[in-house]
Amino acid sequence: MKTATITSSSPLSQLQLLLLLRRQTDVRTIANHYASQLHLCFPHNPLSYSLARTIHAQMITSGFKPRGHILNRLMDVYCKSGNLVYARQLFDEIPQPDIVGRTTLIAAYSDAGDPKQAREIFDHTPLSIRDTVSYNAMITGYSHNDDGHNAVKIFGEMMADQFKPDNFTFTSVLSASTRIVDDERQCQQLHCAVVKSGTESVVSVLNALVTLYVKCASLLSTSSMDAARKVFDGMPERDELTWTTMITGYVRNDDLDSARKIFDGMTDKLDVAWNAMISGYVHHGCISEALELFKRMKEDGIQYDEFTYTSVLSACANSGLFKHGKEVHGNIIRTEVKPASKLPLAVNNALITLYWKNNEVDQAREIFDKMLERDLVSWNAILSGYVNVQRIEDAKELFNKMPERNPLTWTVMIAGFAQNGFGEEGLKLFNQMRMEGFEPCDYAFAGAITACAGLGSLENGRQLHAQLIRFGFDSSLSAGNALVTMYARCGIVEAAHLVFRTMPYVDSVSWNAMIAALGQHGHGAQVVELFERMLQEEILPDRITFLTVLSACSHAGLVEEGCRYFESMNQIYGITPGEDHYARLIDLLCRAGKISEAKGVIETMPFVPGAPVWEALLAGCRIHGNEELGIEAAERLFELTPQHSGTYVLLANMYASMGRWNDVAKVRKVMRDRGVKKEPGCSWIEVANKVHVFMVGDTLHPEVQEVYSFLEELGVKMRELGYVPDTKYVLQDVGDEQKEYVLSTHSEKLAVGFGLLKLPRGATVRVLKNLRICGDCHKAFKFMSKVVEREIVVRDGKRFHHFKDGECSCGNYW
DNA sequence: ATAGGGTTAG
Numbered sequence: 001m002k003t004a005t006i007t008s009s010s011p012l013s014q015l016q017l018l019l020l021l022r023r024q025t026d027v028r029t030i031a032n033h034y035a036s037q038l039h040l041c042f043p044h045n046p047l048s049y050s051l052a053r054t055i056h057a058q059m060i061t062s063g064f065k066p067r068g069h070i071l072n073r074l075m076d077v078y079c080k081s082g083n084l085v086y087a088r089q090l091f092d093e094i095p096q097p098d099i100v101g102r103t104t105l106i107a108a109y110s111d112a113g114d115p116k117q118a119r120e121i122f123d124h125t126p127l128s129i130r131d132t133v134s135y136n137a138m139i140t141g142y143s144h145n146d147d148g149h150n151a152v153k154i155f156g157e158m159m160a161d162q163f164k165p166d167n168f169t170f171t172s173v174l175s176a177s178t179r180i181v182d183d184e185r186q187c188q189q190l191h192c193a194v195v196k197s198g199t200e201s202v203v204s205v206l207n208a209l210v211t212l213y214v215k216c217a218s219l220l221s222t223s224s225m226d227a228a229r230k231v232f233d234g235m236p237e238r239d240e241l242t243w244t245t246m247i248t249g250y251v252r253n254d255d256l257d258s259a260r261k262i263f264d265g266m267t268d269k270l271d272v273a274w275n276a277m278i279s280g281y282v283h284h285g286c287i288s289e290a291l292e293l294f295k296r297m298k299e300d301g302i303q304y305d306e307f308t309y310t311s312v313l314s315a316c317a318n319s320g321l322f323k324h325g326k327e328v329h330g331n332i333i334r335t336e337v338k339p340a341s342k343l344p345l346a347v348n349n350a351l352i353t354l355y356w357k358n359n360e361v362d363q364a365r366e367i368f369d370k371m372l373e374r375d376l377v378s379w380n381a382i383l384s385g386y387v388n389v390q391r392i393e394d395a396k397e398l399f400n401k402m403p404e405r406n407p408l409t410w411t412v413m414i415a416g417f418a419q420n421g422f423g424e425e426g427l428k429l430f431n432q433m434r435m436e437g438f439e440p441c442d443y444a445f446a447g448a449i450t451a452c453a454g455l456g457s458l459e460n461g462r463q464l465h466a467q468l469i470r471f472g473f474d475s476s477l478s479a480g481n482a483l484v485t486m487y488a489r490c491g492i493v494e495a496a497h498l499v500f501r502t503m504p505y506v507d508s509v510s511w512n513a514m515i516a517a518l519g520q521h522g523h524g525a526q527v528v529e530l531f532e533r534m535l536q537e538e539i540l541p542d543r544i545t546f547l548t549v550l551s552a553c554s555h556a557g558l559v560e561e562g563c564r565y566f567e568s569m570n571q572i573y574g575i576t577p578g579e580d581h582y583a584r585l586i587d588l589l590c591r592a593g594k595i596s597e598a599k600g601v602i603e604t605m606p607f608v609p610g611a612p613v614w615e616a617l618l619a620g621c622r623i624h625g626n627e628e629l630g631i632e633a634a635e636r637l638f639e640l641t642p643q644h645s646g647t648y649v650l651l652a653n654m655y656a657s658m659g660r661w662n663d664v665a666k667v668r669k670v671m672r673d674r675g676v677k678k679e680p681g682c683s684w685i686e687v688a689n690k691v692h693v694f695m696v697g698d699t700l701h702p703e704v705q706e707v708y709s710f711l712e713e714l715g716v717k718m719r720e721l722g723y724v725p726d727t728k729y730v731l732q733d734v735g736d737e738q739k740e741y742v743l744s745t746h747s748e749k750l751a752v753g754f755g756l757l758k759l760p761r762g763a764t765v766r767v768l769k770n771l772r773i774c775g776d777c778h779k780a781f782k783f784m785s786k787v788v789e790r791e792i793v794v795r796d797g798k799r800f801h802h803f804k805d806g807e808c809s810c811g812n813y814w
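Counting with the UniProt record's numbering, you get residues 1 to 814 for the letters of the first sequence.
Everything labelled a hint here was simulated from the structure, so no lab data went into it. All figures in this text were calculated on a predicted structure; none of them were measured in a lab. Heads up, the beta-carbon is just placed ideally off N, CA and C, and yes, glycines get one too. Worth double-checking, as some hints may not be accurate.
Cross-link-like lysine-lysine pairs, in silico, DSSO-like; alpha carbons within 27 Å at most [what the hints assert, rightly or not]:
(1) K428 - K401
(2) K342 - K326
(3) K230 - K261
(4) K370 - K396
(5) K370 - K326
(6) K196 - K230
(7) K342 - K401
(8) K342 - K370
(9) K342 - K298
(10) K370 - K401
(11) K295 - K261
(12) K370 - K323
(13) K269 - K230
(14) K323 - K342
(15) K298 - K261
(16) K295 - K326
(17) K269 - K298
(18) K153 - K164
(19) K295 - K323
(20) K116 - K164
(21) K326 - K298
(22) K116 - K153
(23) K342 - K295
(24) K261 - K323
(25) K269 - K295
(26) K196 - K164
(27) K164 - K269
(28) K298 - K323
(29) K396 - K428
Estimated spans, in silico, between C-beta atoms of each pair [as the list claims (entries may be wrong)]:
(30) D362 - G625: 45 to 51 Å
(31) E237 - T54: 44 to 50 Å
(32) I631 - N431: 48 to 54 Å
(33) K323 - I544: 22 to 28 Å
(34) A466 - M435: 14 to 20 Å
(35) E635 - M435: 51 to 57 Å
Put together the whole structure using the sequences plus the hints.
Listed below in structure tokens is the structure:
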């Protein structure tokens, strides 16, 4: 159609043109002809290029030399259709191109991402013919090529050369500055220039100025937001863009109230503004406000889009509102015409997270599998799903299959290993991550440090701590929290405390970690002290705080305090005690010998007692030899979790502590008969371990003496039966002297276990519960099994290591 | 001008 228009509206027919060309008389008529022909080439129209080539060819055959605006027009068409080379050829044929032609080519080179060429042409343009437009082209060019510094530099030259900037100049230079701003003074200087130039009522300029101040505020969190507000308030009219910029500015400055005021001040609220406000609430954890807006958005007749959905879905996923999240999902499916698999990528990614957080990994996987396109976020989302439900094998498989990875991928995986008792693999992955050139972030460090905590590997932990400081993450919250735990688990509460004290920011997780650290080391009084300080500093305790405090009270025999804290949970802090809390309370009462009270609690509990509660009762009965109740608890446990070997061990423990070895044997037989998977050869060691664990927490209890003598007896029994004492089983050497000996490393543990390290008589031995097998340990065990010709089985979290004749096989218990 | 994936504490 365009071609038809062109031919019919041609001022000269082909015949006329040919005649004119042959005679070569009327150059002006020919020029006019070409001008009007070129006028029909719309720069961005794809047909224009071939038309321009035809016209150009005619010019050449007719010997017509284009100049002036005909030349510029032709260059423009070539540039806009992506044929810069032809444009440049034309340009080079002209002895003295004018400023319009130069500017055309400058803009074209900039658009093509070649600001160097643009700069060359500009530099060869004499100052006398430069104009504002050519400077603007340079500034815009640098700005679009993400080179803010040069854009600002050219602007400076322009000012120095006394050229007058216009609103285009400022819009460009301001947006270029936005990318490089690191000082409020830069904003103010530009602001002054705007006022001086008289463009301070042009909306696009003011908008760019607001954006600049807002960016400055988000970087430096200074008073720049106020400056932005002043410009904003003084604007003669505002477009939606400016409003939204202000909203996100306040959101990034954590000033949600001001953001909301701006939002409420908008008369015609664009969906983008709604989305910005909602996501602002979500990022600050104000879920109810976000959902409230989400609801009102619909009432106001604003269409949801994918941005709205993703924000809201992630809000639901992160706050446990799965039901609501699924309703939204249903809504999306109903209202969007597309099939579910064709939902926008980000929406599907948010859905994956929603489902796995609701323990529906398989549904999450289904969404993942059905997606027509996936990106790294999708892979990372499903990967964390598997990691978080402890399906570590699936996670591994996925990890190996991933088309690409980023630091986050590694972080998720490292944490997954660390949390599931595969500390060594976690550390290995951390190293591999670095070898493959990925910069670890503080979360990755936190994961690796947690791995060390699980392994009880102080050496690695310290190294990571040093690296952490070198990387500049020493003020990281999550890494700091992990360090507190690592040092505590490795036996150095003082170091844990030091980290805690020197952390610039702490949160409830840090407090919980520190309280737990003290609790694990039996410092009951200090636990209470720290907890009270936490309350004074108005940090709200959460359910984990109470779990920690309750078990610390239990270990330290602080019955009254424990009960009081339990009461306060609901009454003061509005936290409904869960089953875990009840189990801890029962444990607390049982250890203090208040078994009937514990029974009373079980009877009046607001829900049916489950395994953790009965287990606490059974453990209590074991200590106090309450056989009748102990058996009842064990029976309940056999009903609830018949395949859980812990119950059998606990029951055996109870009989063991009464010296009833025949009954212990009976329990072992029942366990075998029922096909309960037991740790090969380890049941007896478990008995010893349980007693030992009891010892670790209860060194202050009067029963300690009894335990000592029992252990001696048990040790003899074990040897008689041909079992190798576990490395933890070293207590028979301990006498009455009040000297404490903390085994914090594997090598120490090993040395003691094999009698290589003689403990002073009378030392109290504390082996940290969470010490696990590290590489060195492994080697030592292998060596020992070869030299001493013994079979050694060692438990390491959920895994076992079986050493025989210097060979080792490893696996999972369950 | 707005969106989606992670971490630490028992």
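Evaluation of the provided hints:
Taking the CA atoms of K428 and K401, the gap is about 19 Å. The hint holds against a cut of 27 Å. At roughly 18 Å between alpha-carbon atoms, K342 and K326 fall within 27 Å of each other, so this suggested pair holds. A distance of roughly 15 Å separates the Cα atoms of K230 and K261; the hinted pair therefore holds under the 27 Å criterion. Between K370 and K396, the direct Cα distance comes to roughly 21 Å. Compliance with the 27 Å bound is thereby established for this hinted pair.
As the CA atoms of K370 and K326 are separated by approximately 18 Å, the hinted pair is consistent with the 27 Å bound. At roughly 17 Å between alpha-carbon atoms, K196 and K230 fall within 27 Å of each other, so this suggested pair holds. Simply put, K342 and K401 have alpha-carbon atoms about 23 Å apart, close enough for the 27 Å limit, and the pair holds. The suggested pairing of K342 with K370 holds, with an alpha-carbon distance near 9 Å, which does not exceed 27 Å.
As the CA atoms of K342 and K298 are separated by approximately 23 Å, the hinted pair is consistent with the 27 Å bound. Using a Cα cut-off of 27 Å, the hinted pair K370 and K401 holds, with the two alpha carbons roughly 17 Å apart. At roughly 18 Å between alpha-carbon atoms, K295 and K261 fall within 27 Å of each other, so this suggested pair holds. The hinted pair formed by K370 and K323 meets the criterion: a straight-line CA distance of about 22 Å does not exceed 27 Å.
Pair hint K269 plus K230 holds up; C-alpha atoms about 21 Å apart against a cutoff of 27 Å. Simply put, K323 and K342 have alpha-carbon atoms about 23 Å apart, close enough for the 27 Å limit, and the pair holds. For the suggested pair K298 and K261, the alpha carbons sit about 20 Å apart, so the restraint of at most 27 Å is met. With a C-alpha separation of about 15 Å, the suggested pair K295 and K326 falls inside the 27 Å cut-off, and the hint holds.
Restraint check: the Cα-Cα separation between K269 and K298 comes to about 12 Å, which is no more than 27 Å; the hinted pair holds. A hinted pair counts as satisfied when its Cα atoms are at most 27 Å apart, and K153 with K164 qualifies at roughly 16 Å. For the hint linking K295 to K323, the alpha-carbon distance of about 16 Å falls within 27 Å, and the restraint holds. A threshold of 27 Å between alpha carbons decides the hint, and for K116 with K164 the separation of about 24 Å falls inside it, so the pair holds.
Taking the CA atoms of K326 and K298, the gap is about 18 Å. The hint holds against a cut of 27 Å. A distance of roughly 14 Å separates the Cα atoms of K116 and K153; the hinted pair therefore holds under the 27 Å criterion. In summary, the hint linking K342 to K295 is supported, as the alpha carbons are separated by about 25 Å, within the 27 Å threshold. This hinted pair does not check out: K261 and K323 have alpha carbons roughly 31 Å apart, beyond 27 Å.
At most 27 Å may separate the alpha-carbon atoms for a hinted pair to count; K269 and K295 meet this at roughly 15 Å. Between the alpha carbons of K196 and K164 the distance comes to roughly 10 Å, so the proposed pair stays at or under 27 Å and holds. For the proposed pair K164 and K269, the alpha carbon gap of about 37 Å is over 27 Å, so the pair is violated. Distance hint between K298 and K323 is fulfilled; the C-alpha atoms sit about 19 Å from each other, no more than 27 Å.
Restraint check: the Cα-Cα separation between K396 and K428 comes to about 14 Å, which is no more than 27 Å; the hinted pair holds. About 47 Å separates the C-beta atoms of D362 and G625, a value consistent with the hinted range of 45 to 51 Å. In this structure the hint that E237 and T54 lie 44 to 50 Å apart at CB holds, the actual value being about 46 Å. Range check, I631 to N431: about 50 Å between beta-carbon atoms, so the 48 to 54 Å window is met.
Separated by about 24 Å at the C-beta atoms, K323 and I544 satisfy the suggested range of 22 to 28 Å. The hint said 14 to 20 Å for the Cβ distance between A466 and M435, and at roughly 19 Å that hint holds. A hinted range of 51 to 57 Å holds for the C-beta pair E635 and M435, which are about 54 Å apart.
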